[in-house]
Structures are given as C-alpha cells and as structure tokens.
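So the chains spell out like this:
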Amino acid sequence: AQTVTQSQPEMSVQEAETVTLSCTYDTSESDYYLFWYKQPPSRQMILVIRQEAYKQQNATENRFSVNFQKAAKSFSLKISDSQLGDAAMYFCAYRSAWGTDKLIFGTGTRLQVFP
Amino acid sequence: NAGVTQTPKFRILKIGQSMTLQCTQDMNHNYMYWYRQDPGMGLKLIYYSVGAGITDKGEVPNGYNVSRSTTEDFPLRLELAAPSQTSVYFCAGGADSSPLHFGNGTRLTVT
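Residue numbers (my numbering), protein chains in the order written: chain F, 3 to 117; chain E, 11 to 121.
These are calculated hints, taken from the structure and not from any lab test. Misleading hints may appear alongside valid ones.
Unchecked claim - Derived DMTMM-like pairs: lysine to aspartate or glutamate, alpha-carbon spacing no greater than 25 Å straight-line:
| hint | chain 1 | residue 1 | chain 2 | residue 2 |
| --- | --- | --- | --- | --- |
| 1 | F | LYS80 | F | ASP28 |
| 2 | E | LYS67 | E | GLU82 |
| 3 | F | LYS75 | F | ASP28 |
| 4 | E | LYS67 | F | GLU17 |
| 5 | E | LYS24 | E | GLU82 |
| 6 | F | LYS80 | F | GLU63 |
| 7 | E | LYS24 | E | ASP36 |
| 8 | F | LYS75 | F | GLU31 |
| 9 | F | LYS75 | E | GLU69 |
| 10 | E | LYS19 | E | GLU69 |
| 11 | E | LYS19 | E | ASP83 |
| 12 | F | LYS72 | F | GLU17 |
| 13 | F | LYS72 | F | ASP28 |
| 14 | E | LYS19 | E | GLU82 |
| 15 | E | LYS67 | E | ASP83 |
| 16 | E | LYS19 | F | ASP28 |
| 17 | E | LYS54 | F | GLU19 |
| 18 | E | LYS19 | E | ASP48 |
| 19 | F | LYS75 | F | GLU63 |
| 20 | E | LYS54 | F | ASP33 |
| 21 | E | LYS54 | E | GLU82 |
| 22 | E | LYS67 | E | ASP48 |
| 23 | E | LYS54 | F | ASP83 |
| 24 | E | LYS67 | F | ASP28 |
| 25 | E | LYS24 | E | ASP48 |
| 26 | F | LYS75 | F | GLU17 |
| 27 | E | LYS54 | F | GLU12 |
| 28 | E | LYS54 | F | ASP88 |
| 29 | E | LYS67 | F | ASP33 |
| 30 | F | LYS75 | F | GLU12 |
Predicted, not measured: the structure shown is a model, and the values here were computed from it.
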C-alpha cells in the first residue's frame, strides 16, 4: 500500500522569505500523481500544485514550486516570497494513475508566517 | 458554479443517534469520496464510489454506510453515533486524472 509522510508538523517563515515543506512517499507504482493541498482555518481544501510522475520537469504555480525526486520518492514544496495569507495546514497527497483515483494524504505541516 | 456541496456545516449528535451527511456535485464526476479529518491529522478515506450503483470501503469504514443511487449524490450515513466519530467530514469528487474537488466540510461532534 502507498504511504505519504510529512515529517515536519510545524514550520515557520518570515514574510517575504522562502520556506520548503518536505514530503516523502512510498509506492511500487511507476505512474502516479502528487499534490499539495492548502487548508486555511476556513477548512477548505485548496489545490496548490500538482505533479505527474512521468514528467521530469518540476511543476510551478506562481510563488509555489516543487522539487520532485522520483528515485528518492521525495516531493517538497517551496513557497517563495511568503505572504501572511500562506499561513495554513499543507497536505501532501498521492494518487495512483490507475484505479479509483483516491487520494492518500500525509499528516500535514502547519505553516506560520510572521510579519 | 457550485462544485461539491455538503450539508450540514455543523452538527451535534448524542451517542446512539443517527444522521446522514449529504453530498452533491454538479460536475458530472464519476468518482466520489468521503474522508474524515481528526484534529491535527490528515484525511482518511471512509468510503468511495466509482459510479452510480458502485461503492467500496476505504481505510476507516466501520460505523458508516454510503449509497450512490445517482451520479450527483453520495450521502454518508452514521447509524449509531459514537464519540470516536467526532471529526470533520469532507466529500470530494473527481474524474480521470483531474484533481479532486472538495466540499467545505461538516464538523460533527458526538457527545
């Protein structure tokens, strides 16, 4: 079975600085998708960024980028120019490219942003 | 532009009571899911459905039931509420390789 591990329960960053959130996963599959979701206090689950395993190029969405290391099964999220609105829980998630599309989540990292 | 809609947003139940959490989607997604999120934890899959008439257990199905009579609706039933079911419940929908769309969650307290 696939697992997702987020080893940083909490992280903090100063406004305008850069922070990296870690995620590792375990799978025997070669084709899959990886996601980062943001959950602010409103409880909404907001998709931040997505990576297809077959793509070597790291995904980027504005200030958010990933470092995808397939051989190491690592999928970290980098937030550049951090803003107060980035404060939230961040969840890493895995989904197989085959089957039922269910997401497997890590336990999350709480990000605090200080002015 | 509703997406995935969950009701109610909040509910308090007494031990042993039953209730149904409603979930409906207007995106014609085949796949629908119910997750629960305990405090400080990630989301765990309760049940899922790959299409109308088809449901299957996830990681933590005990104490819950689901049905999928239409593509749009995927209600979650709690028959005998227990304090261990105090959690935030999320419904989600998806299709093929697209990201899942989540509802806004239902906070359930069982006392």
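Inset, instruction - Compare the distance between the alpha carbons of LYS19(E) and ASP83(E) with 25 Å, and conclude whether the hinted pair is satisfied. - result: holds, 17 Å
Inset, instruction - Take the C-alpha atoms of LYS72(F) and GLU17(F), compute the straight-line distance between them, and say whether it is at most 25 Å. - result: violated, 31 Å
Legend entry - Straight-line alpha-carbon gap LYS54(E) to GLU82(E), limit 25 Å: holds, 22 Å
Inset, instruction - Measure nothing beyond the straight line between the CA atoms of LYS67(E) and GLU17(F); if it is 25 Å or shorter, mark the hint as holding. - result: violated, 43 Å
Inset, instruction - Starting from LYS19(E), check that the Cα of ASP28(F) is at most 25 Å away, please. - result: With Cα atoms ~34 Å apart, LYS19(E) and ASP28(F) exceed 25 Å; violated.
Legend entry - Restraint status (C-alpha distance of LYS54(E) to GLU12(F) at most 25 Å): holds, 20 Å
Legend entry - Satisfaction of hint between ASP83(E) and LYS67(E), Cα-Cα up to 25 Å: Answer holds: LYS67(E) to ASP83(E) is near 17 Å, not above 25 Å.
Legend entry - LYS75(F) paired with GLU69(E) [C-alpha distance capped at 25 Å]: holds, 23 Å
Legend entry - Proposed proximity, GLU19(F) with LYS54(E) (alpha carbon, max 25 Å): violated, 32 Å
Legend entry - Given pair status - GLU63(F), LYS80(F), alpha carbons within 25 Å: holds, 10 Å
Legend entry - Pairwise hint evaluation, ASP48(E) against LYS24(E), where the allowed Cα distance is 25 Å at most: holds, 18 Å
Inset, instruction - Measure nothing beyond the straight line between the CA atoms of LYS24(E) and ASP36(E); if it is 25 Å or shorter, mark the hint as holding. - result: At roughly 32 Å apart (the allowed maximum being 25 Å), ASP36(E) and LYS24(E) break the hint.
Hint compliance for this structure: hints 4, 5, 7, 12, 16, 17, 23, 26 are not met, and every other hint is.
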